[in-house]
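Protein sequence lines, in the order shown, are assigned to chains A and B.
Per the numbering used here, the first sequence runs over residues 1 to 429.
Per the numbering used here, the second sequence runs over residues 1 to 279.
By construction, these hints were calculated from the structure, which means they are not laboratory data.
Since the model is a prediction, treat every value here as computed from it, not as a measurement.
Think of the CB as a built atom: it goes at the ideal place given N, C-alpha and C, for glycine as much as any other residue.
Mixed in with the good hints, there may be bad ones.
The following residues of chain B were derived to be distant from chain A, with all beta-carbon distances above 10 Å [unchecked claim]:
1. Ala55
2. Glu85
3. Lys120
4. Asn122
5. Asp149
6. Asp163
7. Arg188
For lysine to any residue, the following SDA-like pairs were computed, each having C-alpha atoms within a straight-line distance of at most 20 Å [stated by the list, open to error]:
8. B:Lys120 x A:His178
9. B:Lys120 x A:Met271
10. A:Lys324 x B:Leu206
One-letter residues, chain by chain:
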Amino acid sequence: MSKSVTETRALVEKTLRRRYWAERRFRAYGLVAVLLGILFVFFLFGSIISRGYTAFEQANLTLDIFYDPAVIDPDGQRSPDALASANYNTLVRNALRELFPDVQERADLRALSQMVSTSAAHELQARVRAHPELIGHHEKRRFLAAADVDQLLKGKIDRRQPEESRGISDRQIAWIDHLQQKAGLRLYFNSGFLTKGDSREPEQAGVLGAVVGSAYTLLVTLLLSFPIGVAAAVYLEEFAPRNRWTDLIEVNINNLAAVPSIVFGLLGLAMFLNFFGLPRSAPLVGGLVLTLLTLPTIIIASRAALKSVPPSIREAALGIGASKLQMVAHHVLPLAMPGMLTGAIIGMARALGETAPLLMIGMVAFIVDIPKGINDPATALPVQIYLWADSPERAFLERTSAAIIVLLAFLIVMNAGAVILRRRFERRW
Amino acid sequence: MTSAPPQLSAVSLPVPEGNKTVGRVTVDEPLICSRNVNVYYGDKHAIHDVNIDIARNQVLAMIGPSGCGKSTFLRCINRMNDTIEGARVTGAIVLDGQDIHDRRQDVVQLRARIGMVFQKPNPFPKTIYDNVAYGPRIHGLVADRVELDEIVHTSLQRAGLWDEVKDRLNNPGTSLSGGQQQRLCIARTIAVNPEVILMDEPCSALDPIATARIEDLIDELRASYAIVIVTHSMQQAARVSQRTAYFHLGDLIEVGETDRIFTNPRHKLTEDYITGRFG
């Protein structure tokens, strides 16, 4: 005996409430998950930016420098050797002394001159060698303040702390207050952070060397891994016979994608450095190692993209007499390209953030010069962050966060480029 | 075709003994002869010992219930089964005196001679112009743009699509309606000037008006090409074809003049199918 229509309707109504409730619950879970994700991203960016933004400003002070002939060139010969070897620190010290005539003690004088970055002497040396005619004249010049002064100005050093645990003496604080009035000591935009290489002195340290090193490394990675990855994927997907060998290769590619990155670093050390004798710390080797790292990702994503091209397009091309290569090159590849680019983005983003394999091949060295090619010693952004995070100086703390900001900006620019490229390849059906 | 094998006119192969097909499978001047063709998909024996000739300037309709092997046989003729993993074809399919499975027969060359139109319209995601121009381009049939324009024009005209698309040749082929897309696929096929056109249920995704247009088109194209069409619609077979072949569970049951098959089927299975007792 089957149920009556009203009975059926009542039963459906009963389950209906349960079904809607289940759906609402499921949507709530999803919403919570998304909100949690956003919250974490917000915390991440918030903490990094709030710590790092101060590094884009830097304390500078203006000193009235007298290019004293007695200090620079006592002989009056203007010989390059003399100009190069003169003690330019004295010029800085003299300028400071004029501001603080009552400071006489030797130790105090040293403490006073320590408030200006050591880069001041190098700058003056370069200036005099370029313009020897300045000797005997006065000039107002802006110099970097030392990192401690910078930190105090930014409020990173607490003035109320006891003197011994503060790292900066009461007298120095008094001098800083004086300099703020007399020598224009204040925060300026820190262009050096974006235009200089690494330094042991936090106030002179810049991120450009690491950015250029990362750019070269990723360029090598992209130029190698994308063509190789796509070629491998096309061969495996379109041309290779299905047999035990190709199955074995497929399994191994999938396994390689899960190998810890430091293992690739060891491989690179053994193969590229020890066996092939390529230069240490070079973006070339870094790029090669990261190529090994990203290849599985790109191959897997590219194969998935090739698989998703509808068979009707392949049949259409073959049916008209296209060879297999023409079918792949004219029809399948253009349609698979967006998916392949997505794989490349994921792979390159991972490569950009990798530190461990680069440590193994010597890209962890302290390198001041900005690399001029893929064979120059270089470091990469994540390694630079690692190095700075390890430094004891207080001022490197904000620079570490600032370098992370630069890394994230690099990543965003790179991904935006790939997304634009992908848009151009995407076709409507 | 410059490098086509020398034309042996009207090579008719003898029909092997044990041929169970009812009706006359041969024609007087065949373009294609198939003898004892078997297809296996892995362990599955899809079609058994098919013997049939295909004549020039004639439409051969292949009918039969789903899974009877008519599409499989169609795909043997231009070796599209080569692309299917695990598919194996035995027997002889002779085009102009040359076995298409012969090592000297290039498969690309073969597919240029035997065009194919598929069940679902499958234009390339390119412009209408490029869809038609693709074949002539890859086969190097044209020397310059003027010649290519000419081929595109005549192909679209012969496919009855020119008047509808002449102002928007640079629109994507996928922007057309289903019936237009299928005619575009036909234009694309005839642009490489084939000898045979294979059609695998070309109207099954189309509405009756678009179907009627395609059927008219098939009738016109018959003047220039040999056409083999697989169809589920017996009315369509009756309307467009001169010969009809009835397949059943991988066997070619009966072949004959279309009028004769539909009015006077000799085999019991053919009669049951045509009268609608199954299928």
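Checked hints:
1. Ala55: The claim holds: Ala55 of chain B sits with its nearest Cβ about 22 Å from chain A, beyond 10 Å.
2. Glu85: 6 Å, violated
3. Lys120: 6 Å, violated
4. Asn122: 4 Å, violated
5. Asp149: Non-interface label on Asp149 of chain B holds, nearest chain A Cβ at 19 Å vs cutoff 10 Å.
6. Asp163: Label holds. Min Cβ-Cβ 24 Å, cutoff 10 Å.
7. Arg188: Nearest chain A Cβ is 6 Å from Arg188 of chain B, so the label is violated.
8. B:Lys120 x A:His178: Not OK: Lys120 of chain B and His178 of chain A at ~85 Å, beyond 20 Å, violated.
9. B:Lys120 x A:Met271: Violated - the C-alpha atoms of Met271 of chain A and Lys120 of chain B are around 52 Å apart, more than 20 Å.
10. A:Lys324 x B:Leu206: At roughly 30 Å apart (the allowed maximum being 20 Å), Leu206 of chain B and Lys324 of chain A break the hint.
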